[in-house]
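Chains as they are written, first to last, in the working numbering: chain W, 5 to 455; chain C, 29 to 125.
Since the hints were derived computationally from the structure, they do not count as laboratory data.
Glycine included, each C-beta is placed from N, C-alpha and C at the ideal position.
This list has only true hints and no planted wrong ones.
Here are the simulated distance ranges between beta carbons: (1) W/Ala451 with C/Ala104: 23 to 31 Å; (2) C/Glu70 with W/Phe202: 26 to 34 Å; (3) W/Ile214 with C/Asp58: 52 to 60 Å; (4) C/Ala104 with W/Leu400: 19 to 27 Å; (5) C/Lys118 with W/Lys189: 50 to 58 Å; (6) W/Val142 with C/Lys62: 48 to 56 Å; (7) W/Leu76 with C/Lys62: 42 to 50 Å; (8) W/Leu122 with C/Pro99: 27 to 35 Å; (9) C/Lys50 with W/Phe202: 49 to 57 Å; (10) W/Ser249 with C/Lys125: 49 to 57 Å; (11) W/Val71 with C/Pro99: 56 to 64 Å; (12) C/Ala104 with W/Leu422: 34 to 42 Å; (13) C/Val96 with W/Ser249: 38 to 46 Å; (14) W/Gln441 with C/Lys125: 31 to 39 Å.
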Amino acid sequence: MTTTEEKKGFMEKMADVVRPVGDFLSNEKHFASISAGLMATVGISIIAAFITIVSTVIGMFAPGTGVLATSLGWEFAGAAQVAAIINIPYTMTLGLLSVVASFAIAYNLAKYYKINQLSAGIVSMLMFLMVVAPAKTVVLADGASTFTGLDTTLLGGPGLLTAIIVSLLSVEITNFCYKHGWVIKMPDVIPPFLANSFSSMVPLLLNVFIIYGINVALSMVDPSLNIAWACNAILGIPVNLLANSVPGILVINTFALLLWTTGVHGTMVVYMFLMAPMIMAITNNAALVAQGLSPVFSPVFLLGATSCVGGTGNTMGFALLCAYRAKSEQLKAVGKASIVPGLFNVNEPMTFGVPVVYNPIIAIPYILNGLILTFIMWVAYAIGFIVPGHILMLSLLPIGLAEFLGTLNWRNAIFPWLMIPFMTLIYYPFFKVYDKQLVEKEQAALAAAAE
Amino acid sequence: MKVMLVCAGGASTSILMKKMEKWAADNGVDLEVKAYGVSAYEEAWKGYDVILTGPQIAYKVKEITSKVSIPVAQMAPMDYALGNAENIMKQVQSLLK
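Chain C on its own, in the form it takes in the complex:
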């Protein structure tokens, strides 16, 4: 499964990226996750299964949705803040259903 994380500059989502990678390794889940800044997702989204955005770019969700053909959703602020990989993976699963 390939998950794209998008935030303003790709810095804070890269913290989350590490946590999700660790969670996937611990739980034996096949997961590829990468963090992008809001200016870079458009060139890179093809090949990903889903895009999750940081809550600080909520105003960009509509624009992102219009430019890609994969599911896009905003992460819950608290899951994002604490890097709760388990909850975020649940969200990914529900998006892919």
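So that you can see chain W by itself, here it is in the shape it has in the complex:
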């Protein structure tokens, strides 16, 4: 009804190509488990972000180092110590993010295989710890006393790729055991919780044998090699090619927007793949900021350029155009319904009401503006107008707020607002053409009804 018939063939041909890819990526069990597992870490990262914000603010009052202490003389003698105390819950949540992920990814994948989720999660988490943080005993500086500890380097963001691979591999091994009946079965009189704890014994043993075995084998080739190294080397190739390069992000952003024009939630699909690099880049920056250094730019931060100005396709200005400049009843109604959600970066009313879906005229500015904004944002990072994020913010928030909370920088907050006029301008000519078409259709419908 609302699509343009003469070009419908092209859009549908494209949808035939793009849509199955999106469907596959969002339904495939391993990808879906990674995504669901990483989503389980979001709550933790938000609390960690809140803690960072509090400790950053308190740190501003530290004599000699704090911004407020040095500039305004607002000193608080114990500020640095208080900030350090507050920082512990941060270190022990975000700093253990990959441990949580190794459990949660396995837990979700086990659900697809219909095997015991709890024991699959536990086995996976133990395997991850075993290969990335084996307990080591070191002799302390006094030369006599010793200390045994786990190396935490890979337990947070930096170990995420390893956590993903180890948990998928671990569940495959566990599932293999279940499918081949390699589990110790208890008589029915044994209560299920007890029987379950026995059932994970053989899978754990085989997991140790294979995963820890690979780790030992690698270290025998060269002491510096291990599973974490292998995972980063293997997964690092696609990640660096796509997520850590500006052309790669342009391709990803185009793909996400293309998917949306066929009605698939494109941002959710690509986010499944970019969540891990995003978490890694931000936790890396969090560590830099904690040491008093500047956060560094990563191309994955440009992902937001597809949707930061009023939802995917940056439709805030387009919604205003529809509400106040449209002549067709359809666009007027859709525009008015879209303004308030748009302020919260929610734009499904636009996507399905204009609609953007299967609409080649609107698809052009919808995709184009995301790519142009990716470029502008890159320049804005390069000249230092906006700063790279160091606090993980994955929730849907009003325009500018996530950018502010992720960086605590006011310029990041106003950046999307500054982009509204520009994004509106890109939509304007296409809006005019489409609005005119709709008016003609509406008049034709009226004339037909009057006859």
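Using the hints, position chain C against chain W.
For chain C alone, kept in the frame of chain W given last:
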């Protein structure tokens, strides 16, 4: 009547949820409606009469249908976009027949 709305994150359907609640109150219809993200419906669907999905997760409809034992249907894009509670309630009625 209990209606479950499902979209990607539960954000855009929560807008619709408010509109449907208002419509039900205005028309004296006994209606309980709640918005869920696609990752949360599975734990919560029991006790609902029907599931309606947003058009952006059309590719999930088959999966959702296979996991629940109540009717599942996708909302019409335009009704969804404009929050046309009346049309959506008509759809609910036809599903429950």
